[in-house]
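Colleague: Those sequence lines, one after another, are chains V and Y.
For the first sequence, the numbering used here gives the first residue as 104, with consecutive numbering after it.
For the second sequence, the numbering used here gives the first residue as 104, with consecutive numbering after it.
Wrong hints could be hidden among the right ones.
Since the list can't tell identical chains apart, any single copy or any two copies may satisfy a pair.
[What the hints assert, rightly or not] Within a straight-line C-alpha distance of at most 16 Å, the following computed EDC-like cross-link-like pairs (lysine to aspartate or glutamate) qualify:
{"hint": "1", "residue 1": "Lys-172", "residue 2": "Asp-242"}
{"hint": "2", "residue 1": "Lys-175", "residue 2": "Asp-242"}
{"hint": "3", "residue 1": "Lys-133", "residue 2": "Asp-266"}
{"hint": "4", "residue 1": "Lys-172", "residue 2": "Asp-152"}
Note that these hints are calculated values from the structure, not bench results.
Number of protein chains: 2
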Amino acid sequence: MTFWKSLFAAPGTPAAAGRPREKEILLAEKPYRNGETQQIYFSTSRDIDLYELEELCLAVGWARRPHRKVRKAIENSFLVVSLWLERGAQRRLIGFARATSDHAFNATLWDVVVHPEFQGQGLGKTLMDQIIRELRQQDISNITLFADPQVIGFYQQMGFLTDPEGIKGMFWYPR
Amino acid sequence: MTFWKSLFAAPGTPAAAGRPREKEILLAEKPYRNGETQQIYFSTSRDIDLYELEELCLAVGWARRPHRKVRKAIENSFLVVSLWLERGAQRRLIGFARATSDHAFNATLWDVVVHPEFQGQGLGKTLMDQIIRELRQQDISNITLFADPQVIGFYQQMGFLTDPEGIKGMFWYPR
């Protein structure tokens, strides 16, 4: 976090079987205008408006996806995390990521995104720190992802390694 | 399959919510000795003896893992597949793989193994063909894995690509 300051962690709601407890953490608070403050929250709730998520993904240039499939993917992810900007009564989704997992050894991150307006403020790093913390709390030690070329450096700064011991990420797509 | 001949597919048992139906397929049958035959079966049952799986994994030089965690990983995999050699009343686990998934877009393969005694007969290819077929039946189109250097060529033959469009597999391990 560069200008956002971590404040406190709030206890969460009971979780679905075998999954991490849902929680919400106030990451940062600062003056906004007219004496108002704005807050940034990290959340592990799966209660995500699919239109809002779509807007976030379109903002970084990703392709539109059927909501039915996105809903299914969220339901069946091991961990779903999001970043929220709160100004007064308004709450806006500004970051998202999710992980599939076997709940034991491996997790794989998908759909890691921070809204372009909020990039360059350390929020991506904060998001990743929280994801790693959540997964480590679940005793998962092999955290993997598939990085587009332009974000490889970012993940390397977070401690991710490319091709360790010659291991290669590989993809199969329908012909 | 090189010398094994595909014969028929048997219907499976009802599946857990959202997961593929369990099924068993007779892949091959040939004479053994004393007029007996031997069969090779492909199965998607999760009913795997953990000691037998451990023996298979140790045979290819993998590290021993706590059964508690292996059990949890199998329970929480989207797809679990295995190859069995049947000779009379004896049934032996000779291949295994599993996949994590969000049940919608992505699947990631883990623990793909064929016993060294049965390598070089096309069984790895058969196992992968069946996995891809199962995942495609679930409408999952992005099948991923992390390949050790010595098996990259094998997966390339199966149609897997390394680093497509510069996308890199990345790993985070606890420090």
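Colleague: Now tell me if each hint is right for this structure.
Modeller: Hint check results:
no. : hint              : result
1   : Lys-172 x Asp-242 : between (28 Å within a copy, 10 Å between copies)
2   : Lys-175 x Asp-242 : between (25 Å within a copy, 12 Å between copies)
3   : Lys-133 x Asp-266 : neither (40 Å within a copy, 41 Å between copies)
4   : Lys-172 x Asp-152 : within (14 Å within a copy, 34 Å between copies)
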